[in-house]
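Chemist: From just these sequences and the hints, can you work out the full model?
Here are the chains, one letter per residue:
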Amino acid sequence: QQQVKQSPQSLIVQKGGISIINCAYENTAFDYFPWYQQFPGKGPALLIAIRPDVSEKKEGRFTISFNKSAKQFSLHIMDSQPGDSATYFCAARLRGSTLGRLYFGRGTQLTVWP
Amino acid sequence: SAVISQKPSRDICQRGTSLTIQCQVDSQVTMMFWYRQQPGQSLTLIATANQGSEATYESGFVIDKFPISRPNLTFSTLTVSNMSPEDSSIYLCSAGTSGNTGELFFGEGSRLTVL
Chain G
19 QQQVKQSPQS LIVQKGGISI INCAYENTAF DYFPWYQQFP GKGPALLIAI
69 RPDVSEKKEG RFTISFNKSA KQFSLHIMDS QPGDSATYFC AARLRGSTLG
119 RLYFGRGTQL TVWP
Chain L
48 SAVISQKPSR DICQRGTSLT IQCQVDSQVT MMFWYRQQPG QSLTLIATAN
98 QGSEATYESG FVIDKFPISR PNLTFSTLTV SNMSPEDSSI YLCSAGTSGN
148 TGELFFGEGS RLTVL
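Chains G and L, in that order, give the protein sequences.
The first sequence finishes on residue 132 if you use the numbering used here, and the numbering steps up by one all the way, no holes.
The second sequence finishes on residue 162 if you use the numbering used here, and the numbering steps up by one all the way, no holes.
No wet-lab data here; the hints were simulated from the structure.
One or more of the hints may lead you astray.
Stated by the list, open to error - When the alpha-carbon atoms are kept at most 20 Å apart in a straight line, the in silico DMTMM-like pairs for lysine to aspartate or glutamate are as follows: (1) G/Lys60 x L/Glu155; (2) G/Lys76 x L/Glu150; (3) G/Lys75 x L/Glu150; (4) G/Lys60 x L/Asp58; (5) G/Lys60 x L/Glu150; (6) G/Lys60 x L/Glu105; (7) G/Lys23 x G/Asp49.
Modeler: Written as structure tokens, this is what we have:
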């Protein structure tokens with residue numbers, strides 16, 4: 019059973035456009051929601067993370083929107099660039115759980131065309 | 048932050064053999080973990096590597112198949128035993144220090160292909 023459901027599986031966006039990736043969860047005991055970026059041949063790297071006490075977090079061109087009542091969160095990449103082409107994973111961690119016990123979504127392969 | 052190095056980065060193995068993956072972290076971290084990333088799939092936690100004691104395995108993973116060692120704070124090994132083609136995957140070492148940030152760092156992974 020997938021604890022965190024991610025969509026779309028793949029996304030193609032033109033340079034300068036907005037990329038939006040969505041995730042949903044059921045377990046209300048999740049209290050930490052990170053997004054990871056993974057380039058081919060590399061390990062995942064933390065991009066941005068949010069806790070459920072805020073509805074939005076912005077870091078540069080990357081924004082997480084969090085809807086606690088709907089149990090959904092999304093990643094928005096503004097002014098998408100070819101260098102953003104990568105696989106993006108959302109994840110969630112249970113309250114009180116150990117650091118590494120993350121439940122990952124299946125990933126979204128983003129391609130930004132120049 | 049933490050830089051995590053893994054060896055080997057990739058290997059091709061024969062069915063029935065075992066392979067040990069090494070993971071070295073460049074700074075002292077409190078926690079180390081091993082993940083599996085199957086082709087086109089998500090990341091799944093295999094186990095928490097505990098310093099000086101037996102690893103804590105997630106459901107579906109057992110010590111006989113994936114023995115793990117962590118002799119000190121910055122080094123861990125994962126062995127994939129008696130490999131079958133279904134074990135072909137990327138194995139990722141991760142580490143971090145518990146605290147307010149709770150950031151988890153990943154190595155670049157070890158891509159295993161079992162023939």
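Chemist: A separate judgement is required for each hint: does it hold in the structure or not?
Modeler: The hints, checked one at a time:
no.: 1; hint: G/Lys60 x L/Glu155; verdict: 5 Å, holds
no.: 2; hint: G/Lys76 x L/Glu150; verdict: 17 Å, holds
no.: 3; hint: G/Lys75 x L/Glu150; verdict: 16 Å, holds
no.: 4; hint: G/Lys60 x L/Asp58; verdict: 16 Å, holds
no.: 5; hint: G/Lys60 x L/Glu150; verdict: 17 Å, holds
no.: 6; hint: G/Lys60 x L/Glu105; verdict: 24 Å, violated
no.: 7; hint: G/Lys23 x G/Asp49; verdict: 16 Å, holds
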